[in-house]
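Trainee: Sequence:
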Amino acid sequence: MTAQVDRDVASRGDQVLLTITVTGDDRNLPTPDLPEIPGVVVSRGGTSQNFQMINGAVSTSVTWTYYLHIVTDDDVTIPALQVSIDGRQLGSEAVTIHVQGGASRPGASGDSSDHSAGDAVRGQTAEPGPGDDHFVSLSLDREMAYVGEQVVLVFRYYANPYARGLDRPQYTPPRAEGFWREDLPPNRNYQENIGGQQYEITEIRYALFPTRPGVLTIEPAAVTLPTYPFADFFSLRRRSQRAGPVRLSTEALEVRVQDLPRPSPADFSGIVSRQVDLSANIDRDTVPRGEPVSLSLSLGADGLLKSVSDLPWKAPANLQVHEAGGGLETKKDHGRLFSRLNQEKVLIPLEEGELEIPPVTIVYFDPATARYAEISRSVGSLTVVQGDRPVAGDTPAQSMRAEIERLASDLRFAHPASRNLRTRSEPLASRPIWWASLLAPLGLLGMMRWHLSREASRLRDPLGTRRRSALRRAKSLLHEAGRPGGEAVDGARVIKAVQGYVADKTGRSAASMQMAQIVAYAAAVDRIETGEKLTALVRRCEAVRYGSADTTGPLDVGEMVQEALSLLQDLEAADAKTPTAVLRCVLPWMLAVAMIQGSAAVAQDVSLAGGEDPVRLMAEGVRAYTDGETEEAIARFQAAAAVTHDADVCYNLGNAHARRGELGHAVVHYLRALRMKPRDSDIRANLAWVRSHTRDIELEGAPLPPVLKQMRAGLVALSLDEWCLALVASVWLACLVVAWSWWRTGWTVAMRRLGLSAGVLSLSILSVASWLWYEERLLDVAVVVVPEVSVQSGPETTFPVVFQVHDGLTLQVRALREGWSQVTLGGEWNGWVPSATLAHVRVEAEGD
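Going by the working numbering, the first residue of the sequence shown is number 1, and it counts up by one from there.
To be clear, the hints were calculated from the coordinates, so they are not data collected in a lab.
Keep in mind that this is a model prediction, so the values were computed, not measured.
One thing to keep in mind: the hints can contain errors.
List time: in silico DSSO-like cross-link candidates among lysine-lysine, alpha-carbon distance up to 30 Å [as the list claims (entries may be wrong)]: (1) 475 with 533; (2) 331 with 306; (3) 306 with 332; (4) 709 with 677.
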């Protein structure tokens, strides 16, 4: 067993290759355990195995490689290693690596050369030596700076293009506490010759802005190179050919930051920059009084302007100023960060004459001179001529153009009576006529599928085709009887019609048809007597055909044809008990039931409105509301609400309650009206006005993102009934697309897309309608209708009071118990209140 290193003298930051070899005649040689070595970071390399046979004797050699990264300035000692093979102890000798003082070798650090025009770069490493394939550097453009001054930090990674191979370096950026950091993209990639060797260089720049005085430290940056995958296979052992993971790290940098001189000027803008430019101009110098003039201001600086929100400029008294926009722009210019703040102002002169516009002045600190400096730009003068705009001192009543001032906010006025008041309270989805409309296309589609399948089966079944066309063929032969040709020919045609009919029905040949088979078929369809009559008719026809005198019954050809036709139709009726006949009976009954349901609903609406005219009650209520008689208005509106369920009635009732200060009752009726007319702006405005006057603030969940908020607004823009109608329409559309494709006996690409879209649309509308049904029909929402009520922890007055709620607050009712309601506001805000203190939004929950 041996342990060797590729060199016994190294520096801090170097990498040393350790090779451990065990040789023996056993193929399963144990792996040595490498103990922890102080001052060294150990990385596992590869393993190679070698077999040799000499004079019939086999020997095995296994080599393990480790990479030692030196992180100390003291000498490093690798202790003796031991392994046990067949009870024998093998050991290696200790190895000592002498660590020299000083900086790391160039292969693990950077350079000090200048690589960018305009940068006085201070490097922290030595020049790269020949043969080093990879190294890094970290540099600054200045060692001393002021608080807020821009300092450019540059990281460079050098790589030999012929030694990179499959390298994918992992970059760890430097940490800079005490600095505001801005990236300066894009990263540069270029080539440069250093010491006679060509390198590919990746350059990353940062703009740093010190935030406090003192000595600030920038921690090292690092690049980790992965393991070279084919090192062991190709036996790469030279320094220039890396075989294990390598971490290239720079040294830390320090920046001495000075504070700005004290005291600073009173109008100091906070800008610290060596380059500052300012511009100010107006779009015209002559303008009529009252007309706008645009003032453009632009401030540029070599540094950061995020702390500057507005450019200081004081407008004269006879000039109105309005902000028109602007913004902050940042860009990379010559490897540095350059910022520009643009502002647009609208100036409106109020007096005629020459108007001198004050200059724009910025006070900043210049690190180049270590002094505060001032930059000023003159705007110029403005000639104001006579105009038709109001002059200074005009009142809004005297002025033709003046800003409108809102003096107060109030409820929007009551809605007038409509001729078409809604008289039903249940939603459309609970009515049988809606379910019939929704399921009808599915039933029709199923019938069509059955019909098409039946037609396809008929085309595949020739015997079935014969059975279905048996009567038609027999009628055709009977129709030919009686034509010129004699009684014998007519009798033969009648016999052929009867035998052909039975042959088609039974799948036999007409030529071999016997009397017994006719009787057997008639018995099979439960028409024995009809069969006997047919056989008797056939015998008479044979007697006529062959001229026999033994004949009974009429010999008139017309009578024989009519008798044969009647008997064959009787057999056909007995054999025609098919699903088509059943459907012909069932469909009229289904339509009759649907019409009866619709008529009953209409009759119920008429009977509800038969007592009093709701339109007259609404008109009387609006008149009383206009005259200020709110009690009379409430009585009239309540009478109309007793026989109708209309949004306008609920809206007017909410207005009347709001006028009397009964905010809870007003909220209840507004919510009912909003469910029926969700797009009515008057209802929403009055509901918001009433809630703004309630004592308690409605608890709301986390705000939705803008996209989800717009989607929810679109979903609630339609009422539950409107979504139900949309669902019926989408289902009809999907069924029509499917029916058309079945009828065309194939799906085209366009029809497949249309069908898929219609199906997705139907499912989406069904989801929205189900959600609204849950919100309006399953959730029990109530409103407090008393001035104040205590929420207790249990359904008795003996339980402690948890919190108090007031008139107009919306709650959710979870349970009812003996005159008490369990309510919740969400989260832990729940308890019990007397049921008499609440009014339910859902009409059925009121109990009337």
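Trainee: For each hint, tell me whether it holds in the structure or not.
Mentor: Going through the hints against the structure:
1. 475 with 533: holds (18 Å)
2. 331 with 306: OK: residue 331 and residue 306 at ~13 Å, within 30 Å.
3. 306 with 332: Holds, at about 15 Å.
4. 709 with 677: Holds: residue 709 and residue 677 sit about 20 Å apart, inside 30 Å.
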